[in-house]
Amino acid sequence: MTAEQNLAALQETLPVIPAPRAIYKPCLIDGKYLHVSGHVPLRDDGTRIQGKVGVDMDADEARQIARLVGLCILSTVRAKLGTLDRVKRVIKIFGMVNATPDFDRHPHVINGCSELFAQVWGEENGIGTRSAVGMGSLPDRVPVEIEAVFELKGEDEA
Amino acid sequence: MTAEQNLAALQETLPVIPAPRAIYKPCLIDGKYLHVSGHVPLRDDGTRIQGKVGVDMDADEARQIARLVGLCILSTVRAKLGTLDRVKRVIKIFGMVNATPDFDRHPHVINGCSELFAQVWGEENGIGTRSAVGMGSLPDRVPVEIEAVFELKGEDEA
Amino acid sequence: MTAEQNLAALQETLPVIPAPRAIYKPCLIDGKYLHVSGHVPLRDDGTRIQGKVGVDMDADEARQIARLVGLCILSTVRAKLGTLDRVKRVIKIFGMVNATPDFDRHPHVINGCSELFAQVWGEENGIGTRSAVGMGSLPDRVPVEIEAVFELKGEDEA
Chain A
52 MTAEQNLAAL
62 QETLPVIPAP
72 RAIYKPCLID
82 GKYLHVSGHV
92 PLRDDGTRIQ
102 GKVGVDMDAD
112 EARQIARLVG
122 LCILSTVRAK
132 LGTLDRVKRV
142 IKIFGMVNAT
152 PDFDRHPHVI
162 NGCSELFAQV
172 WGEENGIGTR
182 SAVGMGSLPD
192 RVPVEIEAVF
202 ELKGEDEA
Chain B
52 MTAEQNLAAL
62 QETLPVIPAP
72 RAIYKPCLID
82 GKYLHVSGHV
92 PLRDDGTRIQ
102 GKVGVDMDAD
112 EARQIARLVG
122 LCILSTVRAK
132 LGTLDRVKRV
142 IKIFGMVNAT
152 PDFDRHPHVI
162 NGCSELFAQV
172 WGEENGIGTR
182 SAVGMGSLPD
192 RVPVEIEAVF
202 ELKGEDEA
Chain C
52 MTAEQNLAAL
62 QETLPVIPAP
72 RAIYKPCLID
82 GKYLHVSGHV
92 PLRDDGTRIQ
102 GKVGVDMDAD
112 EARQIARLVG
122 LCILSTVRAK
132 LGTLDRVKRV
142 IKIFGMVNAT
152 PDFDRHPHVI
162 NGCSELFAQV
172 WGEENGIGTR
182 SAVGMGSLPD
192 RVPVEIEAVF
202 ELKGEDEA
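Chains as they are written, first to last, in our numbering: chain A, 52 to 209; chain B, 52 to 209; chain C, 52 to 209.
Just chain A, same shape as in the assembly (with noise of 0.2 Å):
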């Protein structure tokens, strides 16, 4: 099964990313790798969702927050590649939760990534290294970002 072949399955729909607001690039090819800026979680309709996490959500809201984060990462990555069956695997994810100060089910939030990403890539591609931990503020009041680098495969890979 492919990357595609596997996101197909899942049913899931893929945001439409907007063009960047601010200075700087979505992400950016540099040999082997894809840098992915941090992205929050879009609906459909392009509007953010808000709150602080342990106060206007629980950790299980948040997870299914992080999920839509994958997606829209996901969404930045086929628009980038033509494909998610470009990419090799996950080298690393950043996972940002905007907590209250004593929350400390940052892994269990962003798991809703990170289970995306080996459903999409399997178990070994799709999971890579990370850090799940929480912020002071995020952007626009958004309960969750992430940002990611990913291995490209070679030309002979394809």
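Heads up, a few of these hints could be off.
The list makes no distinction among identical chains, and a pair is therefore deemed to hold if it is satisfied within one copy or across any two copies.
Only pairs whose alpha carbons sit at most 30 Å apart, straight line, appear in this in silico DSS-like list of lysine-lysine [to be verified]:
1) K131 <-> K204
2) K131 <-> K76
3) K139 <-> K76
4) K204 <-> K83
5) K83 <-> K131
6) K139 <-> K83
7) K139 <-> K204
Derived by calculation from the structure, the hints in this document are not laboratory data.
Assemble the complex: chain A is given as a structure, and chains B and C must be docked to it using the hints.
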């Protein structure tokens, strides 16, 4: 126009960056990459600008401070490489804002640095991937800290 | 003196790192790089040290905890590579302190880890780039979490 010519046209002064007081290198060359440690806003007299964004200063003031952090990064880069012209492009910046828990304009703040890099290296090469996020606290209570990864020109691109 | 000899001279015990409870790899080899996920302070019995820096502990206590996090990273590196001697140098560490909003001594805290790496790999190779910053919260309410990127020795540098 080269990066050095672009900077000269801006008529900005690059702060002198003192030697680290803690155990780290300000930057490090790794093959074609230049990794730059988290930089803070230093005045010309070597003192740090302090304050929490959202209470001690607003987003516009913080944006100017993020530009100053960018100038500090340029100073470190030039001290290491001899000239900003050896940088090929920005791969990534990670912009950290020391803000109140409900602050939501981190991208506006970090644009102060991103705009500077775009002025120096141009729109295509000066803008890379980015996250602009809110920290719970920062060293010496500085309002902004930014780290960066640059790609260097190859021998044949000088 | 090799890194393993340096560590032996320190008479430190490396904690045993349990398998991840969440969806990530503790570390990952990518060509000449070893990426290490965010590590937290684990006691010998596998429990985590908890507390917020600035209220439950001071900067000196937190610095000792950052050293313990460094020992946990060494444990993961040795488990992956067989020996710390395969590491050429530290490229980068990202030190995260779970602190009160006005805490300002993050560099002092993270020095606990940086000093350890300098003792193990020497001043030149054990010290890399770094950011030492304050998070709003951390998993399981740990006071310190650190992630790292190392460069490995090439075949001919063994």
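Classify it for me, K83 with K131: is the Cα-Cα distance of at most 30 Å met within a copy, between copies, both or neither? Close inside one copy (14 Å) and across copies (23 Å); limit 30 Å.
Given a CA cutoff of 30 Å, do K139 and K204 count as a within-copy pair, a between-copy pair, both, or neither? Classified as both: same-chain Cα gap 5 Å, cross-chain 24 Å, threshold 30 Å.
Using 30 Å as the alpha carbon limit, work out where K139 and K76 are close: within a copy, between copies, both or neither. both (22 Å within a copy, 16 Å between copies)
Give the relationship of K139 and K83 under a CA distance limit of 30 Å: within one copy only, between copies only, both, or neither. Both: 9 Å inside a copy, 17 Å across copies.
Quick one: K131 to K204, C-alpha cut-off 30 Å, is that within a copy, between copies, both, or neither? Both: 14 Å inside a chain and 24 Å across chains, each within 30 Å.
Please sort K204 with K83 into within, between, both or neither, judging by C-alpha distance up to 30 Å. both (7 Å within a copy, 17 Å between copies)
Between the shortest in-copy and the shortest cross-copy C-alpha distance, which are at most 30 Å for K131 and K76: within, between, both, or neither? both (11 Å within a copy, 26 Å between copies)
Violated hints are absent here; each numbered hint is respected by the structure.
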